[in-house]
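> Listed here are the chains, written in short residue letters.
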Amino acid sequence: AQSVTQLGSHVSVSEGALVLLRCNYSSSVPPYLFWYVQYPNQGLQLLLKYTSAATLVKGINGFEAEFKKSETSFHLTKPSAHMSDAAEYFCAVSPSGGSYIPTFGRGTSLIVHP
Amino acid sequence: GAGVSQSPSNKVTEKGKDVELRCDPISGHTALYWYRQSLGQGLEFLIYFQGNSAPDKSGLPSDRFSAERTGGSVSTLTIQRTQQEDSAVYLCASSLDSGLAHYEQYFGPGTRLTVT
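Protein chains in written order, with the working numbering: chain A, -17 to 96; chain B, 807 to 922.
Derived by calculation from the structure, the hints in this document are not laboratory data. Cβ coordinates follow ideal geometry from the N, Cα and C atoms, glycine included. Mixed in with the good hints there might be a few duds.
Stated by the list, open to error - Chain B is nowhere near these chain A residues, computed Cβ spacing over 10 Å in every case:
#1 L0
#2 S52
#3 T85
#4 G89
#5 I93
As the list claims (entries may be wrong) - Facing chain A, from chain B, some residues (calculated, C-beta under 10 Å):
#6 I832
#7 G834
#8 Q843
#9 Q847
#10 F871
#11 E910
#12 G916
#13 T920
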């Protein structure tokens, strides 16, 4: 069984400030972890993924995430927010074996103030 | 190259009518997924196709929902006797090969279904 918890349905930051979106997971087997971004009226787009290689993963648009097994976390960060980062962000977990169906978190809406 | 496409982009239907939603995956992708996205609810898994294997229908919420995938490519999600609670955005995704779970999914833009 697997699950994902995204803390905070909304996160508000000022332009230029640090972005931190939290994701905690549970998985009975070593997981693969993903962050997706969804802009209004669009489908989801992959930001980055963790597949048991380096624990610090760099993605597109300056985002990165760190896999911390001891904390069962995969938080998404960006040093400096841009207005264009305003979107919905989803964390997802997929087991490395067994069912191939990923489980998604409920999403976090990132609001960027000028 | 072409991404995942879905049609229609918007569908308004009356309660009790049947609807069909279409998904064209990326060419060569063997795995196809349907999700339902309701406001504030994240993505709800509905059904998963992998190659010629029997689909995983474990996420379908009722027997009013069904899906098929013809020739390992195009998929159609059918909702019979629609109810107002079926109103949501229906997303389709495909991936290269879900036999290796770390392949990411590519999503279509979704079909927004409104049941009046």
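> Next, verify each hint and record whether it holds.
Consistency of the hints with the structure:
1. Distance check for L0(A) against chain B: the nearest CB is about 25 Å away, which clears 10 Å, and the non-interface claim stands.
2. Residue-level check passed: S52(A) sits 22 Å from the nearest beta carbon of chain B, beyond 10 Å.
3. Remark: the non-interface label on T85(A) conflicts with the geometry, its nearest Cβ contact in chain B lying 8 Å away (cut-off 10 Å).
4. Non-interface status of G89(A) relative to chain B is broken: a Cβ of that chain comes within 10 Å, the nearest being about 5 Å off.
5. With a closest Cβ-Cβ approach of about 15 Å to chain B, I93(A) is found to remain outside the 10 Å limit, as its non-interface label requires.
6. Of the supplied interface hints, the one on I832(B) is violated, with its beta-carbon coming no nearer than about 12 Å to a beta-carbon of chain A, more than 10 Å.
7. Below 10 Å, beta-carbon pairs count as interface contacts, and G834(B) has none with chain A, the closest being about 17 Å; its hint is therefore violated.
8. Checking Q843(B) against chain A by beta carbon gives a least distance of about 9 Å; that is within 10 Å, so the hint holds.
9. Checking Q847(B) against chain A: minimum C-beta separation of about 6 Å stays under 10 Å; hint holds.
10. Because the closest C-beta pair between F871(B) and chain A is about 16 Å apart, greater than 10 Å, the hint is violated.
11. For E910(B), the shortest C-beta to C-beta distance to chain A is roughly 5 Å, which falls under 10 Å, so the interface hint holds.
12. With 10 Å as the threshold, the beta carbon of G916(B) comes within range of chain A, its nearest partner Cβ sitting at about 6 Å, so the hint holds.
13. Taken as an interface hint, T920(B) does not check out: its beta carbon lies about 14 Å from the nearest beta carbon of chain A, beyond 10 Å.
Going down the numbered hints, you'll see the structure goes against 3, 4, 6, 7, 10 and 13, while the others check out.
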